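Protein chains in written order, with UniProt numbering: chain S, 1 to 328; chain Z, 1 to 339.
In short, the hints are calculated from the structure, not lab data.
For lysine-lysine, the following BS3-like pairs were computed, each having C-alpha atoms within a straight-line distance of at most 27 Å:
1. S:83 to S:69
2. S:198 to Z:264
3. Z:119 to Z:57
4. S:198 to S:83
5. Z:57 to Z:34
6. Z:34 to S:263
7. S:127 to S:198
8. Z:119 to Z:197
9. Z:197 to S:263
Pulled from the structure, derived: some chain S residues nowhere near chain Z, Cβ distances all over 12 Å:
10. 17
11. 112
12. 118
13. 134
Predicted model, so just to flag it, every value in this text is computed and none were measured.
In this text, a Cβ means the ideal position worked out from N, Cα and C, and glycines have one as well.
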Amino acid sequence: MILSVRDFAIGFQREGQNLVAVDGISFDVAEGETFVIIGESGSGKSLTGMSIAGLQPPTAFVSGSIRFKDREMLKRPDAELRKLRGPEIGLIYQDPLSSLNPVWPVGDQIAETLTAHGLASRAEARKRAVEMLERVRIPDPRRVASAYPHEISGGMRQRAMIAMALAAGPSLLIADEPTTALDVTIKAQMLELLAELKRELSLTIILITHDMGVVAEVADRILVLYAGRIAEVGPADAIMLQPSHPYTAALMTSAMISQTPAKQDLNAIVGGAPGLGAFPAGCRFHPRCPRAQDDCKVIEPPRRKFGSVELACHHPIEAAMPLETARS
Amino acid sequence: MALLELDAVSKTFSQRRGGRAVQAVAGVSLTVGKGETLGLVGESGCGKSTLARLALKLVDVTDGRVRFDGVDVTGFASRRMLPIRRRLQAVFQDPLASLNARMTIAEVMREPFDTHGVKLGAELETRIRELLSFVGLENIDIRKLPGQFSGGQLQRIAIARALALEPEIIVADEPTSALDPSIQAQIVNLMLQIQRKRGISYLIISHDLDVIGHVADRIAVMYLGIIIEQGTADAIMQRPLHPYTQALLSAAPTLAARRQVGWKRIMLTGDPPNPADVPSGCRFHPRCHLARDICREKVPPLRATPGTSQMVACHLAPDETAQAGAEVGRARRGLAVAS
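So here's chain Z without its partners, still in its complex pose (with noise of 0.2 Å):
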């Protein structure tokens, strides 16, 4: 059974002034295994962060269900809600915006034990002690605020504090986005380590696929608030099917891609949509470059592709972009491209 798990869900917000209504999540269905993590993928405005707020259940549905570990926890209001917020943690992008700037750290990291009514007295200081030297922070002096650490450290911290109630999932969206690079890696690892040493699960949001695709058993992509592709991590890496996720992997930079002979990037044209205007069909037909006449009318359901583990949401997949698929995987990997 799923640990957590997404049937349907739609969030759609009601602008102001009398402004049209914006559908930023349109009936996804996400589930996230015990000691799995799902990558979630898409760019600004795809709703995944709205996404990840439905699933820390920070915003309610306006339709389908949330479920946690089986139990049905859409209606929940926050009293029922806080046994199931100890098992299940958030991390985000900014930790200097996410921790609170005039708490010392001593106070942050204690906040979610008085927060569930834990209480460990004398111990306290040495479990505070202990989880920050878990995150790799063992000499730094609690007393100060967050605003003497450097972003890295916060990070940290922030991670330590959603360790704190030994959660079984952590939500994390963009948590590497806002450092240095070489604090990037420190985090990725961090991560893995923590998965591998307590069989978390994790749901990664991102915009960043090397991350993602580093770090997620499987993907989901994200696209005008639909789910676009799913499937193991592996297959979406290697093969992307639809023509969304292989322009994103193509368009992003690497050094493998220094190397390459022969290789064409897809480039997507036209400006990144705009949720409170859906195209007709398939959303993403406006910048497809194998956009047909039934990609402007019919929209295509998300379906398996048989023979892999993959689900795709394109009248064309896979007979059509199988081969451009494998290409773009292969060019990832700095492998030659046949021509």
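Next up, chain S with everything else stripped away, as it sits in the complex (with noise of 0.2 Å):
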């Protein structure tokens, strides 16, 4: 395992009370797989991503172990993390101009990561990271590697930040909602290069997104986040297309507008997902939840191994019933 993270929670404290957005969540992630972290907003799906490089709010408070390649990445100082972040750790964010300093050219930014870490030479940095840019399919890449990030296109940038983060030769990619604000055709490219770059560069990946389309695409194993508390965690194939948790199978609906006949209603569930603070008792989802029964709002449902998944929920979809009807 490259990652194991075990009862790790972390939450802040508001107006004197200590509030638990993430609540004991364990999970692995095995060496070159794509790991997606699914929720909505508030599921503490960034929180966990963010965390696992060491990069949580200073203000929040954790607790747990998060175990990357054996090193401990709870409570390890700053300048620790930094030397992590970068020939270890790759990051990618929904908007790229987050990561770049628009005051400095692309190439040198991504020479940066290098020199800071002591990786290379300055002139060995710019040249590799010229041959970087090629590297992430930028056609032009002495030019660009000159340009500002604003005199490049949108797409041109979504490559650079790529390029940037793998610069140091990371071998755990963490992409934060990478193409949540792309239109549909760059979109199906940045995957197709995410895919590509990650069996060039024997990369792990944790993805973490609320687009179930693009889970489809490059999902290994899939952790879906609700309210702060694992829902299912399990092989992409089983969760996304026979899910157990009927949350799962809520989401997959979105994936799947295309299954269902025009003009009719989508199979949605009801109510919105709670927010830091006001979690329900019992099973989190059990407001929401079409098969909730009593138990559902008063014991919190434990973690068990369902099929081939692991999963927290009383009374879980049974596998016999296939979701999908096609239209023909």
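Given two chains presented individually in distinct reference frames, assemble the corresponding complex, making use of the accompanying hints.
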């Protein structure tokens, strides 16, 4: 396992109260897989992803353990975490402008990730920056290396950000909603690029998203988070094609519109996800769940094995019910 | 007769500081019939939101005519538009931005009645409650501010407000795009239910072909300010004829795609186009995998395809595109693709 997360919790103090945003989750990520963390706003998916890279908000309190390549990442000094970000862990975000410095040529920024970690001389780093831009399929890498971020297109910026994240040769790439702001045709290009880079560079990828289509495309294994707890974790095929947890089943609706007869109501769940500090008792999904019974309101469902997945649900959907009916 | 008709409308924005003028919409003709849903699809910068604003008369056309229920409203000033606006309402992508953050929900909801001089007196609160309950918000506290509601609740409030004066058509610009996936499905269902109960027309604008394919009767696909293909939703989703529509349909990843064996995605090269720098000939040719000399030289007209409901602006359609289109449509529906 390249990553082991055990009983990880993170929360914030607000008006003298401890509000727990992610509440004791455990999972493993195997080397070379694309592990996808799915969740809606407020599920804790980005907090979890950022904490793996040691980037939790400074005001947060944390507990549990996050072990990356046998190093404990929680409560590690900032200076040491910085040494890992770049050579060991690369990060990409939804908005490339948030990670690119506007007043610095793109190539210099990529070179900086190498020189800062003492991985190359300045001249060598410049050369490697151009190679990285070529590697992310930028047609004219020399020109782009000397351009400022605002001088290149949005798609190019996205690629430059990926080049920067991968320049120092990390083995783990954490991608937080990398395609959410992109148009579909550009999104398809990015997904293809990530898949190729993963193969070429033997990367492990942790992808954080709420876009079920993207998940369907790339996931090997999936973790579904709801209101700071794990709903379901397991192989992507089982979770996407035959979801056991009623929440996962409802989420898949958005990826299955093309299989619902036109103009008919979609299989939607009621209500919205609860906010921080308003998580319901028992199973946190019960107020929205079509399968909820009395036990769901009071007893927190324990995590257990169910077919090929692990889930936390008192009344899961039996595997014999295929969700999908193709429109002919 | 069409309820809403855009007849060869164009909109040119002149840039400040002596920059070049940008033609965001270039001679688009569309109609929305009574009780009909027209879906308008396109990517960022294609001009679809400008087109929505032209249809709503929030901006004036540079060229062409806008007709509402047979009346030419192109030159109507705001006072003459007022009675039309009752019948033509709008819903936008970000409900928090489109509702006044300092008004309570009660104030937000009564505003359309005030604007149009509809005096309900003591009935007003009952009417507001009815509208909110109609969109699935039975017991909300209408003295609260928009900031105290979730995105899904706010979009319901925006829809309730748009319905207040019983419009005949709602123009909805990306109504589900800012919402979480489980909430998107709720809003899609709500819009469908409203149409079933009230027979309302929609012009729905989105980059999401899945949503459009589900709710629309007819679909128009926009690229760089023009319509490059239109037809019934069934035809467009099952056999898109323009290579750009095909790429859009095959690009969006879906669950169905996960099960496909031997399905090749049509991948577009290059960046989305720049409206300030329109290519010669067919506007799509620099990104088209089928492009040849004629495409670089001659503008393809939007023309009817014999034997179908589709109109397509492509020199090569349908002869050289129909088969690929049928494959994209089948893959989309999760059906096996003939290899």
